[in-house]
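Input sequences plus hints: build the corresponding full structure.
Chains as they are written, first to last, in my numbering: chain U, 1118 to 1302; chain C, 15 to 324.
Keep in mind that the hints were calculated from the coordinates and are not lab data. Incorrect hints may have been included.
[Claimed, not checked] Pairs of lysine-lysine residues, derived as DSSO-like cross-links and limited to a Cα-Cα distance of at most 30 Å, are as follows:
1) Lys219(C) - Lys1232(U)
2) Lys56(C) - Lys24(C)
3) Lys238(C) - Lys1227(U)
4) Lys1270(U) - Lys238(C)
5) Lys279(C) - Lys1270(U)
6) Lys1270(U) - Lys209(C)
7) Lys238(C) - Lys1232(U)
8) Lys238(C) - Lys1291(U)
9) Lys240(C) - Lys1232(U)
10) Lys1232(U) - Lys116(C)
11) Lys238(C) - Lys1286(U)
12) Lys212(C) - Lys279(C)
13) Lys116(C) - Lys212(C)
14) Lys300(C) - Lys279(C)
15) Lys209(C) - Lys1227(U)
16) Lys1232(U) - Lys203(C)
17) Lys1232(U) - Lys300(C)
18) Lys1270(U) - Lys177(C)
19) Lys240(C) - Lys1291(U)
20) Lys292(C) - Lys1286(U)
21) Lys1270(U) - Lys219(C)
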Amino acid sequence: MRFSGIKMPGLLKGGLFCWVVVLFVVVFSMFLADFLLEEPAVPERGMSSIPFDHAIHGDSIGLDCSACHTGARASANAYMPSMADCMDCHRLPMNDKLAEEEMQVDLSEKPWSHKRHLPDHVVFHHGVHAAAGVACADCHGTGFRQNRYGGEKFDMQSCIRCHRGETFKERGFKPAATYCAACHR
Amino acid sequence: MGMDRREFIKSCSLVAVMGLLYGCRKLPLDEVARLGDGPTLKQFEDEVKLAVSQAKKQLDLVKVSRPGPLSIPGASPLNRFGMAIDLDLCDGCGECILACNKENNVPLVPEDDAARGRFMHWVDMRSGAPFMCAHCGKAPCERVCPTGAANHTPDGLSAMVYKRCAGSRFCGANCPVQARKFNFNDAQKLGLARKFNKEVPLRDKGVMEKCSLCLHRLQNDRLKFKTQLSVAVAAAGNVSVKNAAENATEWRGRGVTTACSDACKRRAIIFGNWLDEKSPLVQLTKDRVLYAPREIADLDPSVVFMRGRR
Ligand code: SF4
Ligand code: SF4
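Following this line, the structure appears as structure tokens:
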């Protein structure tokens, strides 16, 4: 690149404009790169080949979340259902089609893969919250009924508001532990 | 113009490519850095052997009374966890150090640090016996933490919130017995860290760490207990569920152990709850004389030594 021949007036007129454009491109491409390549704040939901419908399973049959998310009421992790969990029901002759045919899918052993949202240094136990009377939808919202996922906003603000006893007063929740090491390690 | 159109477009695209590369800096480079599963177990074992052979710090023990309830605000009247190390049983083998390193993903240190005896181990050998943070009831380290990352739990643990730690190292300077270790190195980048235990997070560069009294084990047990208790109360008639909660309505941390105490073949490290009569800690220290390092003897330590019988 030949910059040596630039005279002052030239730099001020055309040259300065060039540099502004170059600077803009630099900044813009960095933003673009971060936007394109940065990990999304909410990890993608690991989708499977199954066109699963929460509304059919939850609202219309009235299944509890823990029927499929087997840990939701008693363990630390809620868990995604395995094929065996699906087949517990779908093996039954619900109609005259075979289960696989009805579900129109090729079931693998673990049809859903799920990446944990929770950072390593945070402890969250689903069971203890369920046992204390917190409903799944209190944190997870109702988006999943419309088969919208990943929109929940989990942050420490919402944890701490409830632990301090500021939210859900009408349900008589008692304030819970707020010392750091109750939830952090 | 000093630049013609072609030059201008060329430099723009060059800059754009550089920008894109800059944007990817974290992704592929970090992936490469994280290839492989880190150091081998042998390396950890060798480092512990080296540390044990180099250890020359001595403890100046003085008699202390049995730890009682904490005096900090909000302290639990039921639980105060701690340990007692039996100097009559310990033979200084160092198995506890290795067990702690594996339990808590304690990283290796670069060779020149190791040569100078600067390990990250949460347990040191001092006077031929394991020595770790004493979880002082009046912890001087916590009082000087500018961010509140070093703080006390109601049940007597001196806890570290790694993500709050800004690396001032005031706590390390104010610990009279140098129980704290600072991450001067980025162990993950240098390939010196290995995640043996997924329950414990890896620490970043610039963060202070020390014995946590196996905090994660206590946390897991407490959450499990509280879940089972609520289930038992809900199904009050169900005898088998009631038994699951052992008929206790308050969590006392019964049955929890620490990795170092599990690893000790001679049962020289006793973990338990100083305020629980049923705890092995209370029972096994009953007729013993308790000691603590002179520097922290009046800071109400929760981890003590015992020697001789009364
Ligand atoms: S031994 Fe040191 S690090 Fe541990 S609580 Fe006491 S002062 Fe703090
Ligand atoms: S109690 Fe846990 S963290 Fe502390 S020295 Fe023992 S194994 Fe390590």
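Fill in: Pair hint lysine 240(C) and lysine 1291(U), alpha-carbon separation not exceeding 30 Å
Cα-Cα ~14 Å, so holds.
Practice prompt. Take a quick look at whether lysine 238(C) and lysine 1286(U) sit within 30 Å of each other, Cα to Cα.
Written response: holds (25 Å)
Discussion item. Check the hint pairing lysine 300(C) with lysine 279(C) against an upper bound of 30 Å on the C-alpha distance.
Written reply: holds (22 Å)
Item to complete: Quickly compare the C-alpha distance for lysine 1270(U) and lysine 219(C) to 30 Å and report which way the hint goes.
Response: holds (29 Å)
Fill in: Distance restraint between lysine 1270(U) and lysine 209(C), which requires alpha-carbon spacing of 30 Å or less
This hinted pair holds, its Cα atoms lying about 28 Å apart.
Fill in: Pair hint outcome, lysine 56(C) versus lysine 24(C) [Cα-Cα no greater than 30 Å]
violated (53 Å)
Item to complete: Verify the proposed pairing of lysine 1232(U) with lysine 116(C), using a straight-line Cα cut of 30 Å.
Response: holds (25 Å)
Item to complete: Mind checking the alpha carbons of lysine 279(C) and lysine 1270(U) for me, to see if they're no more than 30 Å apart?
Response: Given pair lysine 279(C), lysine 1270(U) is violated - Cα atoms ~47 Å apart, limit 30 Å.
Worksheet item: CA of lysine 238(C) to CA of lysine 1232(U), is that 30 Å or under?
Response: With Cα atoms ~23 Å apart, lysine 238(C) and lysine 1232(U) stay inside 30 Å; holds.
Item to complete: Below or equal to 30 Å on CA atoms is what counts here, so check lysine 116(C) against lysine 212(C).
Response: Roughly 10 Å between the alpha carbons, so the hint for lysine 116(C) and lysine 212(C) holds.
Worksheet item: lysine 238(C) and lysine 1291(U): Cα distance at most 30 Å?
Response: holds (19 Å)
Fill in: Proposed proximity, lysine 238(C) with lysine 1270(U) (alpha carbon, max 30 Å)
Given that 30 Å is the threshold and the Cα spacing comes to 26 Å, the pair holds.
The structure does not agree with the numbered hints 2, 5, 17 and 20 stated previously, though it agrees with the rest.
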